[in-house]
Amino acid sequence: MTDVIITEVEGGRTAGAPPSSARRNWAWVGLVPFFAFLFLFLIIPALSVFFNALRTEDGFSLAPLGEAFSGQNFQAFRFSIMFSAGAAIVGVIWGTLLAYAAASLIRPKWLRNLITSFCGVAANMGGLPLAFAFITLLGARAGVLTNILNWLGLDIYEHGFDLGNTAGLIVVYSYFNVPLMVLITLPAIDGLKQSWREACANLGGTTWTYWRRVGLPVLTPSLLGGFLLLFANSFAAYATAAILTDNSKIVSLRIAFFLGGDVSIGEDAVGFGLVAWMIIVMAVCMSLYWVARRRAERWQSL
Amino acid sequence: MDLPLDAPLPIDPELGASTTAPTALAPQSVGRPNAKYARIVPITVVTISAFFFLLPLLTLARHSLQNVPAFLLGKDTIFTKWSLEPMWRAFDDPKFMPSLKLSLMLAVGTVFLTLALLVPTAVWTHLRLPKMRTFIEFITVLPYMIPAIALVAGIVIVKPHARWFLNSDFALIPFYVVLALPFTYRSIDAGLRAIDLRTLVDASRSLGAGWGTTLRKVLIPNLRTAIISASFLTAAVVIGEYTIASTLLKKTLPAFQREYTQREPQAGYALNLLALLVTTLLFVLLSVLTKKRDQSRKPYVPPAAEPTLPHTPTGTLT
Amino acid sequence: MTTLDFISVRKTFGTTVALEGLDLDVQQGELITLLGPSGCGKTTALRIAAGFEFADSGAVLVAGSDITRTPAHKRNMGMVFQSYSLFPNLTVAQNVEFGLRTRKLPSEQRHRRVHEMMELVQLTSMANRYAHQLSGGQQQRVALARALAIQPQVLLLDEPLSALDAKVRTTLRDEIRRIQTEVGITTLFVTHDQEEALAISDRICVMSQGRVEQLGSPTEVYRRPSTAFVARFVGSMNEFAGHVGDGAEVSVLGRRIAVPSAAAHTTGTPVSLLVRPEDLALEADGFPGSVASITFQGATTLVGVRLDVSDTIVSVGVGRGKADDLSLGDRVHVDVHGVNAVTEPV
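Residue numbers (the working numbering), protein chains in the order written: chain A, 469 to 770; chain B, 111 to 428; chain C, 13 to 358.
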């Protein structure tokens with residue numbers, strides 16, 4: 469008689485399904501309202517745009533998308549992109565300088581808080597009140613500054629300035645772009661550690677050396693991210709531009725004209741193609757921004 | 111306005127009052143005995159910026175409230191003909207009140223829907239699906255990729271199929287919730303990160319409270335700052351939103367502002383001035399309310415733990 | 013001969029006096045530690061040496077030349093900071109190379125020196141990594157390499173071990189000492205950790221509130237503390253209340269203890285007698301008491317004894333094995349060896 473030792477071996481799984489995965493499956497349900505909401509009110513309109521942009525009488529076709537990016541439409545995109553880039557660059561440079569000023573002026577103590585509070589408000593300002601405010605400052609007839617300059621002998625409108633053209637719009641857009649840049653860049657500047665500055669000096673580097681070899685390189689992802697964000701912000705802006713100009717080379721205005729029944733855009737599909745391209749530009753821009761921010765934070769959190 | 115100091119997000123006036131070590135950029139350059147001149151550049155930048163940001167507001171006020179055309183301004187006319195009359199005129203316009211009412215109701219509705227949708231979702235994500243956090247964050251970026259003007263184009267397409275819904279003025283509410291999503295979600299999410307959610311919930315549940323009670327008596331009071339912040343931001347956005355409202359021909363306050371300014375210039379400008387003041391007041395109120403709450407400074411949390419996208423409603427007002 | 017001299021260096025920040033006339037001479041190749049609690053002025057002194065702060069009055073000399081007003085980047089000093097001082101956007105090798113590039117050395121020489129330094133700190137395999145990929149201890153070693161690469165006249169270390177884990181701290185501190193003696197560089201080391209100071213210094217300068225309390229070798233500072241502050245700060249002390257007897261004696265709780273340091277005070281002066289745990293012993297004769305706690309510390313055991321006469325607990329350092337038979341509540345006698353005790357007038 470052999471002694472048989474029977475070892476109880478649990479069959480691969482413990483009794484009952486592993487609780488964690490069952491719970492995990494079930495936990496997804498909690499997100500359904502959120503996703504459903506987004507799907508209904510964001511995804512569906514967005515998809516409809518693409519859907520309509522790819523539809524001609526003959527069925528599915530990429531032609532309208534192509535047309536939406538050629539000829540006059542292409543000119544519009546080119547203009548808008550250049551313009552947005554210009555506005556973004558102005559915003560980045562000025563915003564960084566202002567952020568640097570806010571970070572470095574530790575006396576008076578309330579200055580920095582004041583600057584950031586104001587930026588918090590101004591970054592959200594836009595649209596109608598802003599446009600009207602600038603009309604009262606730099607408008608052709610109503611602008612106080614315009615009149616002052618006229619009185620001093622300088623007619624800016626004669627020199628080609630106009631609130632509605634590129635230069636003017638960039639000035640107005642800076643009102644919300646610069647604060648936005650300040651708010652984004654301040655944490656990055658705070659993240660520049662004192663010890664780096666001192667170590668650089670200790671190793672023989674001047675202020676210029678520091679900025680060139682450590683400071684600016686470390687800030688670059690943040691600055692780049694800021695540029696992308698301001699670009700997206702400027703490219704997507706509608707209300708402010710709508711008040712100041714009717715330039716159809718601004719993509720958001722062009723789309724508004726199309727939605728309002730402007731026949732010159734062409735077939736419906738082409739019009740929606742415009743919108744589709746706008747979404748694509750924004751998507752690319754924001755994705756790059758995401759990447760830049762991740763990189764910036766890696767160094768900020770050291 | 112409510113966020114822990116570490117969040118690299120724009121709308122946070124507390125961003126300045128940092129508890130982190132003194133910044134690397136003290137006015138005197140490192141290692142030099144006498145470098146007081148280093149303050150000149152920053153001070154100049156701030157001064158010029160101050161002019162740039164304040165002047166338009168001042169001229170707007172002047173234009174609205176002073177009945178003197180700009181080209182007639184001079185030493186002798188600068189103090190004449192100031193009055194609040196244009197503002198009263200705007201209030202008296204028959205279309206003003208209805209549009210104001212609509213905008214306010216939309217604001218309230220949007221705030222409620224936002225909180226009702228986002229607070230449970232954020233809490234749920236934090237508790238049950240922590241790994242989904244990055245994904246959800248990315249999802250909250252989507253509204254940025256589809257700016258207001260593009261969204262409204264999509265709405266126009268869908269309109270024939272949902273006329274019954276889109277005809278109502280309140281149809282704007284869900285879209286406003288979407289528009290405000292990036293920063294309202296971020297606000298609440300940051301608020302959740304600042305409290306130790308897991309421990310609070312476990313403590314509450316172990317003491318016998320059900321989910322409803324926990325939400326009501328434990329979570330929401332602790333999230334008060336984040337909720338107030340999200341609400342105020344949403345309200346500011348809704349009250350100023352023009353793009354979608356105008357394209358869908360809804361008679362909200364901004365739509366009225368636009369139309370009225372074309373009809374009655376000076377009174378219209380006065381109205382715009384008021385709108386600006388009210389929005390600013392909202393923000394000031396917000397920072398006052400949230401500052402009182404944050405009596406104890408929260409410990410420093412590395413930015414890497416924080417969301418990466420900005421707080422502003424780009425493309426909604428601009 | 014590279015010496016570092018502080019001559020009556022005084023520094024105030026607003027109304028706080030950070031340094032009250034510091035006089036210190038660091039000899040060639042010596043490692044002096046500035047030891048003290050926060051606010052004692054040690055960091056200020058170091059930063060004045062580095063050039064990040066400037067003395068209100070007094071002078072700082074390196075190898076005899078006055079550098080008091082020289083800007084930081086023109087001084088030839090290497091500094092290791094407390095933490096996070098490596099440039100995050102540069103690799104380890106590029107970090108170490110940094111000071112050589114500012115001095116515009118030709119690239120071949122730079123590469124050779126970097127390689128030497130990496131070997132010195134034993135991190136050659138990490139040359140192409142970035143700071144965030146390194147552990148805290150490795151980062152500090154790179155920082156050391158970077159500071160030494162420029163062959164500075166003086167090495168300054170600002171609490172380099174404070175941000176590290178305990179185990180890493182001990183290994184790294186021995187590393188630093190080894191490298192410092194190997195290279196033979198004049199070094200100023202700042203810390204608040206007295207164990208560190210005792211372990212690696214040639215001399216320790218104990219500071220408090222901007223003043224030097226004692227300057228001496230580790231043994232001197234530990235065994236013959238010149239002030240009560242030093243006695244308490246370095247190592248731990250038991251305190252007994254008593255008064256000075258005739259000659260070199262202190263009367264404590266009814267017993268007379270021979271204490272050489274009491275000779276400096278007049279008979280009858282009420283004093284605090286400060287005695288190290290290892291100068292107390294559990295003997296047959298002494299203050300009676302009962303065992304209140306037994307703290308095993310590896311090489312030694314600290315036995316807390318509640319004295320009958322005063323109901324205070326004194327810490328008795330007991331060597332290996334001798335405390336094995338003790339349990340809480342046991343009756344023992346504590347004998348006081350006053351030869352190294354410090355007498356502090358109350």
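One or more hints might be untrue.
[Claimed, not checked] Selected chain A positions facing chain C (in silico; Cβ < 7 Å):
(1) Pro-501
(2) Ala-504
(3) Ala-608
(4) Arg-609
(5) Ala-610
(6) Gln-662
(7) Trp-664
(8) Glu-666
(9) Leu-671
(10) Thr-674
(11) Val-686
No wet-lab data here; the hints were simulated from the structure. Ideal Cβ positions, reconstructed from N, Cα and C, are used throughout, including at glycine.
How the hints compare with the structure:
no., hint, result
1, Pro-501, "violated, 39 Å"
2, Ala-504, "violated, 40 Å"
3, Ala-608, "violated, 48 Å"
4, Arg-609, "violated, 52 Å"
5, Ala-610, "violated, 50 Å"
6, Gln-662, "violated, 9 Å"
7, Trp-664, "holds, 6 Å"
8, Glu-666, "holds, 6 Å"
9, Leu-671, "holds, 4 Å"
10, Thr-674, "holds, 6 Å"
11, Val-686, "holds, 5 Å"
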